[in-house]
Amino acid sequence: MDEAPATGLNIAVLVKHVPDAQFDRHIGGEHNTTQRSESILSELDEYALEAALQLVEGLGGDSAGHRITAVTMGPPAAVSAVKKALQIGAHQGVHLTDDALLGSDASATSLALSALLTHLGGFDLVLTGMASTDGETSLVPAQLAERLQLPQVTFAASLEVAGGPGGWTLTARRDGDTYSETLESSLPAIVSVTDQINEPRYPNFKGIMAAKKKPLDTLALGDIGVSADQVGLAGSWTLVQDAQPRPPRSQGTVITDEGDAGIRLVDFLAGHKLL
Amino acid sequence: MAAVLVFLDNPGATLNKSERELLSLAASLGEVSAALASEAGTPYLDGVGSYGVKACYVPEDPDLGTYLVAGKAAFLAEAVRLLGAQVVLLGNSYEEKEIAARAGVRLAAGVITDVVALDPDGTATKSDFAGSYTVKCRVTTDTAVLTVKPNSFEAAEVGPAAGPRTISVGTALPAAAARITGRVDKPASGRPELTEARVIVAGGRGVEGNFAPLEELADALGGAVGASRAATDAGWIEHSAQIGQTGKTVSPQLYISAGISGAVQQKAGMQTAKVIVAVNKDADSPVFDIADFGIVGDLFTVLPQATEEIRKRRV
Ligand SMILES: Cc1cc2nc3c(=O)[nH]c(=O)nc-3n(C[C@H](O)[C@H](O)[C@H](O)COP(=O)(O)OP(=O)(O)OC[C@H]3O[C@@H](n4cnc5c(N)ncnc54)[C@H](O)[C@@H]3O)c2cc1C
Ligand SMILES: Nc1ncnc2c1ncn2[C@@H]1O[C@H](COP(=O)(O)O)[C@@H](O)[C@H]1O
Chain A
1 MDEAPATGLN IAVLVKHVPD AQFDRHIGGE HNTTQRSESI LSELDEYALE AALQLVEGLG
61 GDSAGHRITA VTMGPPAAVS AVKKALQIGA HQGVHLTDDA LLGSDASATS LALSALLTHL
121 GGFDLVLTGM ASTDGETSLV PAQLAERLQL PQVTFAASLE VAGGPGGWTL TARRDGDTYS
181 ETLESSLPAI VSVTDQINEP RYPNFKGIMA AKKKPLDTLA LGDIGVSADQ VGLAGSWTLV
241 QDAQPRPPRS QGTVITDEGD AGIRLVDFLA GHKLL
Chain B
1001 MAAVLVFLDN PGATLNKSER ELLSLAASLG EVSAALASEA GTPYLDGVGS YGVKACYVPE
1061 DPDLGTYLVA GKAAFLAEAV RLLGAQVVLL GNSYEEKEIA ARAGVRLAAG VITDVVALDP
1121 DGTATKSDFA GSYTVKCRVT TDTAVLTVKP NSFEAAEVGP AAGPRTISVG TALPAAAARI
1181 TGRVDKPASG RPELTEARVI VAGGRGVEGN FAPLEELADA LGGAVGASRA ATDAGWIEHS
1241 AQIGQTGKTV SPQLYISAGI SGAVQQKAGM QTAKVIVAVN KDADSPVFDI ADFGIVGDLF
1301 TVLPQATEEI RKRRV
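First to last, the protein sequences are chains A and B. The opening residue of the first sequence carries number 1 in the numbering used here; numbering runs sequentially from there. The opening residue of the second sequence carries number 1001 in the numbering used here; numbering runs sequentially from there.
Chain B extracted, bound-state conformation:
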């Protein structure tokens, strides 16, 4: 059976959805161990254990995370060596891709990012050119390092929890590394993570600074709020809400686009959504080319009416 190592970058209180997806995928591939970038509490470790993980590698140095990427990559590469892992799975954030990149060089192992499907023979599927191509590729080295897109694999239900044993890994810190010297937390919105959300309501320049109707619709649908770059550049909403080529890539069940024209860079981040709904005043807007349901209309009347209708049907 293949030895599979799952890298968990930011252990929280309990496992989140994408972590559960990663562990489930790993369990389907072979014997799973985990590498935790920092110490985790008992509920988290029990969660990891419930996926059949018997060993967790943890860094000896608690300051590893203060060296941007380099320290974690060195730790991961060492854990891979100790385990003799053939498959290494990570999440798909910028930071995790970079950790994969550097660990790949250290291990002389091929790296594939943005994986959405994986065949038993190791063939990975991803999309390219802003979702306009489906590419099948494979790592040709003994160890494969894969970063996996959220929402691509089922998070399987698992058996009873059993805390895995932890193995401490000493890591030689890189001679020259940038240090993280300050950190400011941003206020949390209380809505689901964009990359994990089943429903996203996204607004663009047409929102004219007023995201309230989008937030209300998103809340009625239990969804997250996203935006085009025009909206984030204008400062109407956090930059972290940007969807597209230089923002987030999302694949929700439902993407409601409001006041967004549908430029190629915006489409790059959302055209793999299952169902796309577009609301735009301009009937010639390119967003209608990719919408399953398009409404030529004013978002300020259409969205509140839809929100009200949803609430009515719920009672």
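Only chain A is shown next, with the shape it has when bound in the complex:
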């Protein structure tokens, strides 16, 4: 194997605090923003954290000097997403929070997160989930790559990082509908991972205890050189005008098969002109 670069990998994992999909979720208030009670660390970001942990374990572990920072941007309660990441295994956490961030769309979110990552400095790898489970746009990772002018490796279904004399290099697999691609990139890079990449671990008792002693910084917009009008409702390039809960689908007919259900199904399809 090639000789690894002298210093460890410095990894940021972006974790978002999102409404739990197991409960009813709501959009509302004066500005049609997501209501964040009953929120959790986005399930899809757990795959990014797990990918970071597995990379570190595969490259000599904590003693090799690798570092994982869990980063979130969101209201005060969003800190719980970072805390959960610390319990699962991240080494330190950063929470960007500011009243002015309320209502940020993808462009404003990517602007704030890119300024935050630049402020923190020195990351070899920024790992994210494939989509936030609330916004579901998958815009943020691509926009971060564009803003930071870093290589983009998104929707990775597998990920390897190897160290050589020239620095770290990355190989990933990305699955399309009709093909599967191999991607290669130098580091630093922005990488989003899918839910196919691994099986995220749960925090254990030891991890929960250890997390209490891990460093967790809270920053505001002023700390990272972003002004209030660049983010939030003022800085966003899109505007939500209205959000209405869709009336739940009304339950239709349910029959129990008595030997002719296949035929009754075809009758139903014929009646709805679906044959």
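Treat the hints as calculated values from the structure; they're not laboratory data. C-beta atoms are modelled at their ideal positions from N, C-alpha and C, and glycine is treated no differently. Some hints could be false.
Unchecked claim - In silico DSS-like cross-links for lysine-lysine, where the CA-CA straight-line distance does not exceed 25 Å:
1. B:Lys1186 to B:Lys1136
2. B:Lys1312 to B:Lys1136
3. B:Lys1248 to B:Lys1274
4. B:Lys1017 to A:Lys273
5. B:Lys1312 to A:Lys273
6. B:Lys1136 to B:Lys1248
7. B:Lys1274 to A:Lys273
8. B:Lys1281 to B:Lys1017
9. B:Lys1312 to B:Lys1017
What the hints assert, rightly or not - Simulated coverage check for chain A against chain B, where a stretch passes if three residues somewhere in it have a Cβ under 8 Å from a Cβ of chain B:
10. 176-184
11. 191-202
Mind docking chain B with the ligands on chain A? Use the hints.
Below, chain B with the ligands alone, put in the same frame as chain A:
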């Protein structure tokens, strides 16, 4: 009249259904031009021309596509600038959303994904929270970048074909970009694309590895075969068949769910289907809450009986 630019990511031999939908929508909004991510043949260009498109922008660099997303986004942003486009329309694949995302940053333009309706004043409709909310939103910048869900707009019939002129666009490749270094094609099923299909027959853990009864029913109905994550994780069917939060979002006329319990992540991908039919052994399965027609029964008897009945009625 607004200048509208349609981005066509993967020009094939001829226009496919979602490309025709995009071009039709564009034609209803203003004067349409197209940006083709790669060279296209005459039948394709004639097809594009038949929607009134007079100019097609094409990248000067034939290797643009080997740089994941970044190269195509730079090209699209340049084409938007050259045209002075006010509205930019793309398809809704992961890749197209990312191209929209990056072009949006380059152009300081707002991006809205998953658009299913568009008012003349620019208000876009999409759904949120796994289809449980209908959201109306608008881009507030001069240029709007929209990715449009398939099956949301009519693909209008159009006039005679006329090949548009092509304009070559030079693009400065990004300094740092990931490269696509290998590509393995997967075998084609011969069935319709899931996101475009009018009918989908989807199977879950209850299928127990045997998708044959679903394939036969799908073929009898001219439909596509989909799956829950439990079925794709088990390796019974391609991952690209997965429907749901981390798979495909589909809105067919008819969705037949068989051996699927109806978890929230599965519903996220299919509950905007026009008509939902569910076949499940367990009467308490949550899938019945959203089914228009539910059958408590064994899929291995119900589906083959339905397939046979359809064939009988056809002759
Ligand atoms: C981050 C994340 C993302 C996810 N993304 C997705 C996604 O995109 N799509 C998705 O589908 N899931 C997704 N899931 C998984 C989801 O939570 C469920 O676990 C999954 O949908 C269950 O699949 P299933 O309904 O096939 O299996 P089960 O829940 O096990 O249900 C099987 C059903 O089959 C019925 N059955 C068994 N035998 C028969 C028979 N002979 N005839 C009729 N019925 C029968 C049973 O009664 C049962 O209801 C995701 C989960 C997570 C955590
Ligand atoms: N507010 C946020 N804080 C931290 N990470 C975020 C935030 N918003 C988005 N991300 C990251 O970007 C990914 C994609 O989000 P999205 O583009 O909103 O679908 C998520 O899985 C997160 O990893």
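To see whether the hints hold, each was checked on the structure:
Of the pairs offered as hints, the one joining Lys1186 of chain B and Lys1136 of chain B is violated, with about 38 Å between alpha carbons and a cut-off of 25 Å exceeded. Note on Lys1312 of chain B and Lys1136 of chain B: the hinted pairing is violated, with a Cα-Cα distance of about 46 Å set against a maximum of 25 Å. Restraint check: the Cα-Cα separation between Lys1248 of chain B and Lys1274 of chain B comes to about 16 Å, which is no more than 25 Å; the hinted pair holds. For the proposed pair Lys1017 of chain B and Lys273 of chain A, the alpha carbon gap of about 22 Å is at most 25 Å, so the pair holds.
Under the criterion of a C-alpha separation no larger than 25 Å, the hint pairing Lys1312 of chain B with Lys273 of chain A is consistent with the structure, at around 17 Å. As the CA atoms of Lys1136 of chain B and Lys1248 of chain B are separated by approximately 22 Å, the hinted pair is consistent with the 25 Å bound. Of the supplied pair hints, the one linking Lys1274 of chain B and Lys273 of chain A holds, its CA atoms being roughly 12 Å apart against a limit of 25 Å. Taken as a hint, the Lys1281 of chain B and Lys1017 of chain B pair is broken in the structure, with Cα atoms around 36 Å apart against an allowance of 25 Å.
Simply put, Lys1312 of chain B and Lys1017 of chain B have alpha-carbon atoms about 30 Å apart, too far for the 25 Å limit, and the pair is violated. Coverage of a stretch by a chain is defined here by at least three residues with a beta carbon nearer than 8 Å to that chain's beta carbons; for the segment 176-184 of chain A and chain B the count is 9, and the condition holds. A stretch counts as covered by a chain when three or more of its residues have a beta carbon under 8 Å from one of that chain; for the segment 191-202 of chain A and chain B the count is 3, and the coverage holds.
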